[in-house]
Amino acid sequence: MSGAEPIRVLVVEDDPVAADAHELYVGRVPGFAVVGVAHTRAEAVRLLDRRAVDLILLDLYLPDGHGLQLLRAMRAGGHQADVVAVTSARDLALVREGVSLGVVQYVLKPFTFATLRERLVRYAEFRGAAGEASGQDEVDRALGALRAPEPAALPKGLSAPTLTAVTGALRASDAGLTAAELAVEVGISRITARRYLEHLVTAHRAERSPRYGQVGRPELQYRWLPARH
1 MSGAEPIRVL VVEDDPVAAD AHELYVGRVP GFAVVGVAHT RAEAVRLLDR RAVDLILLDL
61 YLPDGHGLQL LRAMRAGGHQ ADVVAVTSAR DLALVREGVS LGVVQYVLKP FTFATLRERL
121 VRYAEFRGAA GEASGQDEVD RALGALRAPE PAALPKGLSA PTLTAVTGAL RASDAGLTAA
181 ELAVEVGISR ITARRYLEHL VTAHRAERSP RYGQVGRPEL QYRWLPARH
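Using this note's numbering, read the sequence shown as starting at 1 and increasing by one per residue.
Any given hint might turn out to be false.
[To be verified] Across the chosen pairs, the derived CB separations fall in these ranges:
| # | residue 1 | residue 2 | range |
| --- | --- | --- | --- |
| 1 | D49 | E219 | 47 to 53 Å |
| 2 | L92 | Q69 | 15 to 21 Å |
| 3 | E125 | R190 | 40 to 46 Å |
| 4 | T40 | A4 | 29 to 35 Å |
| 5 | G65 | P16 | 14 to 20 Å |
| 6 | R90 | P63 | 17 to 23 Å |
Honestly, the hints are just simulated from the structure, not real lab data.
Only a predicted model underlies this, so the values are computations on that prediction, with no experimental measurement involved.
Glycine is no exception: its CB is placed at the ideal position from the N, C-alpha and C atoms.
Taking the hints into account, I'd like the entire structure generated from these sequences.
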């Protein structure tokens, strides 16, 4: 996209830490520029009325209304920005409704920078398609740019099945787990357990705190951060 105007992005995310991370991630992808950050539906509406926006990174769970309510209001008001839903929502009926309102991509939390970068690069390719298609193949290629043929990449050394097991064990523990406890629960080494737990902390899906009670250095305890509905 050298020489072209950057794709203007509005980040809509109620969690300030996650919003900062999303803004940082977008800023690291060439050809994209964040033009605003909103933490509520009302703030997003105000920003849309004041600034030109091409793409919205939209959290579906906002403190003053669902993200799809914002999207319906946008369309009714004539705002045509495309939307990438950045959410923990896995309801496929919700996904279908979002697509009908202009959601072009879904990025499920937790995710890495590599995941979002890949989605943004594919969106830029789709957006950059212009002119008249020579035939069905060219139309299919343009639409295919939005599809991810491979599962999103995890940091080197981490696997999706193990991450699923770690996530399930952590979510099932109300009090939280240490790396040693998780290692026993999942059947992996303590060092490996710590790597997965730290990945979840980086992705803002878990938090860590010291656990005191025994002589010596306190252990770190990890607790799942549930999605807000």
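- [ ] For the range 29 to 35 Å, tell me whether the beta carbons of T40 and A4 fit it or not.
- [x] Hint holds: Cβ distance 32 Å, inside 29 to 35 Å.
TODO: Hint says 17 to 23 Å; check whether the CB-CB distance for R90 and P63 agrees.
DONE: 21 Å, holds
- [ ] For G65 and P16, compare the CB-CB distance with the range 14 to 20 Å and indicate the outcome.
- [x] 18 Å, holds
Open item on the list: Assuming the hint says 15 to 21 Å, is it satisfied by the Cβ distance from L92 to Q69 or not?
Closed with: Since L92 and Q69 have Cβ atoms about 19 Å apart, the given range 15 to 21 Å holds.
Task: Supplied distance hint 40 to 46 Å, evaluated on CB atoms of E125 and R190 - done: 42 Å Cβ-Cβ, so the 40 to 46 Å window holds.
Open item on the list: 47 to 53 Å was suggested as the range; check whether the CB atoms of D49 and E219 agree with it.
Closed with: This hint holds: roughly 50 Å between Cβ atoms.
Checked against the numbered hints above, the structure breaks none of them.
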